[in-house]
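Visitor: Sequence:
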Amino acid sequence: MRAYLGLGGNLGEPAAAMAESLRLLDARADLSVICVSSLYRTPPWGVTAQPDFLNCVAAVDTDLTARELLQLCLDTERVLKRVRAERWGPRLIDIDLLLYGSEQINEDDLQVPHPRMMERAFVLAPLAEIAPEILLDGQVVTRRLQDTDHSGIVRLPTETNWWAH
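So the sequence shown is numbered by the numbering used here: it starts at 1 and just counts up by one.
These are calculated hints, taken from the structure and not from any lab test.
Treat the numbers as computed from the prediction; the structure is a model and nothing was measured.
You can take every hint at face value.
With beta-carbon atoms standing in for the labels, derived distance ranges:
(1) A27 x S151: 36 to 46 Å
(2) L74 x G12: 14 to 24 Å
(3) P157 x L110: 34 to 44 Å
(4) V47 x P115: 13 to 23 Å
(5) K81 x A27: 13 to 23 Å
(6) Q146 x D30: 29 to 39 Å
(7) T158 x P43: 13 to 23 Å
(8) D30 x L110: 10 to 20 Å
(9) K81 x Q104: 31 to 41 Å
Idealized CB from N, CA, C, for every residue including glycine.
Start from the sequences, fold in the hints, and give me the full structure.
Guide: This is how it looks when you write it as structure tokens:
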């Protein structure tokens, strides 16, 4: 199944934490990282009195169920010392399950597509980079991005496979 993961962080060295998380995920037999967007510097969302974030989106192919993939993301955050202290607050690493094929899942602790991704340019911009024709609620992601406030979001010069080194 093709899935898309949103990664971000704004404490410590977020680019290194995202790269390490992608390497840990890719090392598994049941998941392959197919493509990773550039890094984007983005203003904080929700709680705004904190440092800017770095964000990216990764396309992965996996044999895991959506629930197993979500659990793997949470476990990977824990391995990298993520502490959940404040909702939308500063963090070392964040890994969100954005899309799981074309499935729509609405359970208490698992919602796919990610419920707030349509209003978050820091998700839509990197997703549009690697999957510009993907449909979100009947519109291509590039059109969805045009309809969001993407001021302050800067695509950083990033080499291809920046995470695999």
